[in-house]
Each structure stands twice: as structure tokens, then as C-alpha cells.
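Peer 1: Given next are the chains, with one letter for each unit.
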Amino acid sequence: MIDNGNARKVVGLSPTRNQSFFGRDIVSVRQFSRDDLTYITQIADEMRALVRRVGATDLLKGHILANLFYEPSTRTSSSFIAAMQRLGGSVIPIHGVQYSSVSKGESLPDTIRTLECYADVIVLRHPEVGASEVAARYATKPIISAGDGVGEHPTQALLDLYTIYSELGALDGLHVAMVGDLKNGRTVHSLARLLRNYDIRMSFVAPEILRLPEALKQEVADAGRAVAETERVEDVIADADVIYVTRVQKERFEDLRQYEAVKGYYEITPELMARAQKKMALMHPLPRVGEIHYDVDDDPRAAYFRQVENGLYVRMALLAAVLGKA
Amino acid sequence: MIDNGNARKVVGLSPTRNQSFFGRDIVSVRQFSRDDLTYITQIADEMRALVRRVGATDLLKGHILANLFYEPSTRTSSSFIAAMQRLGGSVIPIHGVQYSSVSKGESLPDTIRTLECYADVIVLRHPEVGASEVAARYATKPIISAGDGVGEHPTQALLDLYTIYSELGALDGLHVAMVGDLKNGRTVHSLARLLRNYDIRMSFVAPEILRLPEALKQEVADAGRAVAETERVEDVIADADVIYVTRVQKERFEDLRQYEAVKGYYEITPELMARAQKKMALMHPLPRVGEIHYDVDDDPRAAYFRQVENGLYVRMALLAAVLGKA
Amino acid sequence: MIDNGNARKVVGLSPTRNQSFFGRDIVSVRQFSRDDLTYITQIADEMRALVRRVGATDLLKGHILANLFYEPSTRTSSSFIAAMQRLGGSVIPIHGVQYSSVSKGESLPDTIRTLECYADVIVLRHPEVGASEVAARYATKPIISAGDGVGEHPTQALLDLYTIYSELGALDGLHVAMVGDLKNGRTVHSLARLLRNYDIRMSFVAPEILRLPEALKQEVADAGRAVAETERVEDVIADADVIYVTRVQKERFEDLRQYEAVKGYYEITPELMARAQKKMALMHPLPRVGEIHYDVDDDPRAAYFRQVENGLYVRMALLAAVLGKA
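Chains as they are written, first to last, in this note's numbering: chain A, 1 to 326; chain B, 1001 to 1326; chain C, 2001 to 2326.
Among the clues, some could well be false.
When the alpha-carbon atoms are kept at most 30 Å apart in a straight line, the in silico BS3-like pairs for lysine-lysine are as follows [claimed, not checked]:
(1) A:LYS61 / B:LYS1061
(2) A:LYS325 / B:LYS1061
(3) B:LYS1061 / C:LYS2061
(4) B:LYS1325 / A:LYS61
(5) C:LYS2279 / C:LYS2325
(6) B:LYS1279 / B:LYS1217
Calculated directly from the structure, the hints in this document are not laboratory data.
These numbers were taken from a predicted model, which means no experiment stands behind them.
Make the full structure from the sequences, and use the hints.
Peer 2: As C-alpha cells, this is what we get:
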């Protein structure tokens, strides 16, 4: 349980329009309007141009990010560190907190109120759902969620969205297929919610026991988006503009024969890619453990490492924006 | 046991007057004269003004701090990292040493002599009493202690002193009450020693079994300072200019009924604060685990988060001073 | 086993002449020609002058190093961090990977391809032989090995070479004695290979069961270098220009009486040093655990801490060189 203590501010989770991001927390994909997303996408584009041209800038010189990870996540923490450094800022890396006294007894609000005495912005990864919103309520400095438990992972969803836009050149009119464990993956949940803002058809491809939660499917449908479900990637491969793959974990199946029966439906191979559109994007939040064959890596449609790179630009955009320097 | 090896220099623990801090080690509160404390307080004031005005400076650009923590202490290490970064310097974070080869076999002097080949100043946290002095004896670069075992934690004492000064506007003439586990807390020991330099009345508020060590009480009295002892905060709450709270740990009591009988005397509540002076400071070295009720946080006299912030300024002052840039 | 996946480039391990280091990987001592070594030595000299004169430079401002350590090595990682920071660059410290998800399942190539989306150069320490070459094959950014298992540790060998040059003023014509566990020590293996490039006589001083592998001795002899073997340091102490000491570990001996019988041959004492040349260098890769008596530390010929310092300059040289800024 997260100790709530006394809240000091109200987190602005309601959609905003064209509002400056300055001082805002980034804790949920629900907080973004379509205008917000356009704004972040534009700044990310600028960051990409900047990094490719000169590598780095002094925009956040003298600013400090506290990178507070209550559970290890090397790739996400590295991405935020690089984003802050390429903006000219510094990072206090607080990893392995699980082994330290911070995790013993002290409430999350006290830890946050301590760190904001040192830093200008706090990135928080926490194993408990809602931890980022609690942190945001107490902090006077901006909080950016780097994932809380099975809850939200908003910056992953934003970089996914930016990757789709950047690979396909548009968002409206697309057919996006999400593949794999759609029941437990916070990544696909966050992305599906974000995509409701666009005229996008969604296909959910999962084994029976790992289907998207009914409530979330309803949310998407309520937003007026067309939704389809199937158990096989081959049903969508020829038509999808985006195939977003996540891992189907053996451990999720009580009956291993069930797993053996379906696992082949979810591995992306060169043979399968041969049936996909000429222009489409194959995405994966990584790490992969067999869901995409290595032989697909050289396919120009394999977008997962560009997706990693986009994470850098989107996080640079967010850091600059909440610190009022975008 | 700390391997002493061959000492290469003598640590200047004797009080100095108006002497430059350049190149000095910070290993004990005993090393500071009243003039030294005034000097650090002034520089800390300047650092606060600087951070509030522009956030950071380039004073220590090109300088490197090796932050060597043999035991985890997220808040202290983060404070030193932020201090160095706000001064424009860089940090080599060496945490989790307990899991690494540094802790296997190599003597502390060899580790220190290695790190000073890379860094300009070394901050050392070590579980053994006296480790900082051993390190200081071998190092040619300045060593700053970040706490060694139940021994000293000089920078905590300095930030406590600075907070008292900064909250009350003066040091001489005050009544400072220290509350909680006064037997085992190195924080209160260091602070009490430092306060001997001022015309300060001290009250020690603790359960019978957690009273201040007799020798330390004598040190304070020998310095000509008035001393009182009691078991209840309510005995001092109306008169004290400073209430400095530390934790009373259940584990210290052999008889839990004893703990239950006294624990209520040491929790600071809004009701208790209602009886305190209008202008006073409630302090705590943090983390707290129930000693101060969350409802007290919004009281303007609750100084513990400003105390955290002051840690940043005092550590900036010390780093700049020992590197000759204050 | 390291997953090889699909290689994307061929690592240039064949000797090169006067070729720019720009974009090259540093994965093996076998890749260096004599000209390469001269080049690195010159840049290291410049870095030393720079650090001693002004402490740091902005040469790599805006550049990021990913310091990826799959096993802890505080001194090597600190050395690379300091090197990057003194060049004005930033570091993503990725330590304790063994506890993180990076080590769970993801292939090394995927981890490397992820990190190169964030960083400009990757330093890799890995417990498996050949890991650096695998990483180099997949990376488009330069990989610098910080040691892979019992395999190579090229930057250690380069700093050893630079130290010999810098202590004795030359390399050709010297007599270098390597002492201790010559069977298992990757440090001496790498150094012996590197020294083949020079007209250097080598003596290998080790207990019978810890002698240099026959194949490596042959490699040295094939290069036309004079080679001698003995079991006692006293056989070489009077003539050697360099005594390079490594640890003889008790655990290597099945029969402890054997260990007790020989261990005295390998401890360097002031008495032994009294018989050495006036101008010579006593070296050790550190950490030491009793191989060199502390009383030797003040001997001007004790070069092991200067060796540590040289590690900084050599790594600065390598970083600047592979990033095209030397």
C-alpha cells in the first residue's frame, strides 16, 4: 500500500488543449488531448533533428533529473538518462532502491519531497499501480512516470505513437494490430487508449486466455473506433499498417499443451513478413525473447530499434516541455 | 578492522581559525572552530541564493567527485551528487560497493589511492568508525565523510546547524531540545558537539534507557553550556526554540511494555505543536517513521524538508571550499 | 553461450598501419600494430599534460558513453567514467546488470543495439570470452572492451604498455619480468602479446603449476623475443627493468604445502627491492592482496599507483580516438 499522507496539490488528469506542458506531471495516457499529442510529436521531431545534426544541446544545462527506480529497468532508465544528458542536464541515478533504506519504512511522499529538494524533475518507476499519481500529488516539481506496476507506462505509449506516426507519416486512417499477451501487457493497454484519439482501426490478436480486457475493448469501441479480434497473426498480416508484437509468456498458461498449440501463431518470421504490406511497421517494446525472428531484423519494415531511438526523442521532448524549455 | 598501512599525511583535526578550507578533509565536527562554522554558513547562504536565482553554476566545471558508498544511503548520496552537479562538476557514483570486488580483500587505503587518481575529491560513507580518518590520512585529495558507522556524520551536523541559524536567524541565546534515541544517534551526538561553540541551552529528551551518553553530556557541560534532561517532550515544547526529533526504535527495548509506556511521549502531533512557540523550528534528520505526524507537515514551523534542502547548500559550500573555489 | 544472431559488420582485427582510430572497436590487443601503439601513447601523453594543466576539456561535450558492466569492476568502471567526464562527455552507468532484466533472456546483440540508440560509444565488461567481439559485430557505434572473462582486457594492456614507456622512457631494449600466476592471468597474457611488438626480453616468473601457457610462450618466441622462465623473483630482480607482479592465489593449489613452499618467492619486500636496479619500475594491475608489501609504497620505483593514473590517460586517448576527436 502506498501511504497517501496529505496531498499538496491536485494532479491535472483531465484533458487539456494547447496548454503549456510547463510544470505538468506525466503520469497517465488519459491526460493527453489530441492537441497535446501533436505538440509532443512536433517537439520529438525537433529533438531528432537536433540529435542527428549536433548530438546534443545546452537547453537544460544546470537542470537535474532524479531518476528514481524502485525496480530495475535498464533500458527505460538508460533512455531517460541519455535524454537528460543530450539536453545538457545532469542525472542523479537512484537505482537498486529495493536494496536501500529508502525502501525501508519511509513513505513514498517523504522520499519524493526529499528528492525534489535536490532535483528539478523526478522520473519514477515503481512496482505499485498508482504510485506515480501519489508522487505527483505531493511533489511541487514535475513527476514523469516510467511505469508503475501493471498500471501505466505513459512514455512508452507516447514513443509508440510517435513511432507509428514517424514510420507511416500519419495516424488517422491506419489499421493497427496488437499481438501477443493483450491481457497483462500495460504497454498495449496504454497504447490502445492513446490511439482512441485517432481514426484508427484496431485488431487484437491473442490466444483466448490472453485477450484484451473487455472493459478496455469497450473503451476503444466507445470512442468510435472499429475493433476486431482474432487468434492468429496471419489473419491480419496482409492488411495491417502496424503489427505491434508483445511476448506470449509460457507461464501464463495453466495447461502447457494449450501454449504449445498456439505459440506458433505469434512468432514473426520472414515468411510471415513476405505476406505483409510493402509499407508497414513491425514494432515491439523490447526486450524480445523469440517473438520476432532475428532474420527479420534487416527487413526495412522492422521498426523496433528505431522505436528504441524514438524513445530518446520523446523523452527529450517531455523533459524539455515540463521544464518549460521546449 | 581497517588496515592502516603507512600513513602519508597528518589529518588536521585541531581547530583552525579563519584558515582556508582549501585541500582540507571534512571528517569530524571536532575539527571546526566557531570561525570555520561562520565561514561555512556564509558560503551556504551564497549557494542558496545562487541555486534559487539561477539553479546552477560552472564553479567546479571539469572537477570530479568520487562518491564512494560502502553502505547504501540514498538521500546522503543524492545530496552530494546534486551538490556537485549544481556546481558544474561531475560525479563517479560508486554505490553497492558491498557487492563488488572493492570490498573483497583490498584495503581502504589502496581503494582511496586508486580513486584519487581519477577524482578531485572523495566522499566516503563507511560502516566502520574511523574509516574517514584513515582515508584522509592516505589521500592527497580532500576526503569528505558521509558518515562512518556509529561514529561521525559531520555534514549532517553542519546542515543541522545551518538550518537552526537559517530558521531562527541566530545561534547564541537559543534553547535547543533533542528528542528521541539520544544514546545511539550519531546525528544528535555530532550536533550537540557542534552546538558547544555557541551560547546555547540544551535539553535532552529521551527514555531512561536511551539517554545521552554521560561522557557527551559532560563535554557539553564542560563547554559551559546549560544542560537539562527529561523524559517527555511536553516538558520542553513551550520553551524550546528548536525541537530536534529522532526515532525511538522499538528494537532498542528489551521489555516491550516499557516501549509502549513511553512511545507516546515522543510523537510530535498538531496538538503538541499548538503549545510550542510561534517562532521555533521542528527538525528531523529523516527518514521519519511515525515520530512526526503527517498533519504537522503544513505547519510553517515544520523545518525538516527545508533541512533537506539546506543539506544541498551546505554540501555545495563544503565541496567548493575544499576545492578552493568558495 | 553468447547468441550470435545476425552479424551486421565485420570487426577489423587485422593489424592496421597509421589508420585513423575513428569508429573502430577496441576488443583485442591483437588488433594493434606498432604504429597504433605509438599513436595511442602520444595521445595519452597529451591527455596527461591536459589533465595536469587544466583538469578537463570539452573535447567530447555532448557525447555519451554507455558503461555496460555485466559483472562488477569498480576500478575499471570508475576509470572509464572519469576518462569520459574529463573529456567533457557524459556517462550512462549500467552496473549491477546481473540483477536486472537485461540479463534475463535478452541477447547481448539486442542489448547493444538498444544502447547504441542512446549512446555514442559503449564500454563493455562481460564474464564470457568473446562477448566484446560479438558486441562489436552488431554495433554501429564503437565498442571498447573492459575485459571479457579470462579472455582479453585490452585497455589494461595498453595502460601497462604506456606505463612502461612512461617510467623507463623507452620500450625497445628492456627486460620485462612477469611474476605470479601466469597461467590464468588475462592481464599478463594481453601484455605479453602487446610487448611482442618491441625488442623486449621477457622473463616469466611463476610456480611450476602456474606457468605461462606453452602456446603463448611460443607466440612470444615466434616474434623473435628472448624468453626465460624461473620460479623465483630473486633470479630476475637485479636485472629486470620492469617487474610486473600479479597475485598467486592459494585456491589454485591442490596441495597447500606446495603453496606454502613457494609463496615467499612472490612477495615483493623492501629487502628485495634493495637488490633491484636504481632505475626500474615495479608494476601491479591491482588490487593487491599481500603481493607487494606496504613498505614498498614510498619507493620511487613503485609505479602501481602511477599505473592507475595512466589508465585514465590511456582511456581518455581511446575514447577521443574512436570518437574521432583525438
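Peer 1: Taking 30 Å as the top limit, are the C-alpha atoms of LYS1325 (chain B) and LYS61 (chain A) close enough?
Peer 2: 20 Å, holds
Peer 1: So if I understand the rule, the pair passes when the alpha-carbon distance is 30 Å or less; does LYS1061 (chain B) with LYS2061 (chain C) pass?
Peer 2: Distance of about 12 Å is within 30 Å: holds.
Peer 1: Tell me if the straight-line CA distance from LYS325 (chain A) to LYS1061 (chain B) falls inside 30 Å.
Peer 2: 23 Å, holds
Peer 1: Has the given pair, LYS1279 (chain B) with LYS1217 (chain B), been kept, meaning a C-alpha gap of at most 30 Å?
Peer 2: Cα-Cα ~27 Å, so holds.
Peer 1: Is LYS61 (chain A) close enough to LYS1061 (chain B), meaning Cα to Cα at most 30 Å?
Peer 2: Holds, because 12 Å separates the two Cα atoms, which is no more than 30 Å.
Peer 1: Between LYS2279 (chain C) and LYS2325 (chain C), is the straight-line Cα distance small enough, at 30 Å or below?
Peer 2: This hinted pair is violated, its Cα atoms lying about 35 Å apart.
Against the hints set out earlier in the document, a violation occurs for number 5 only.
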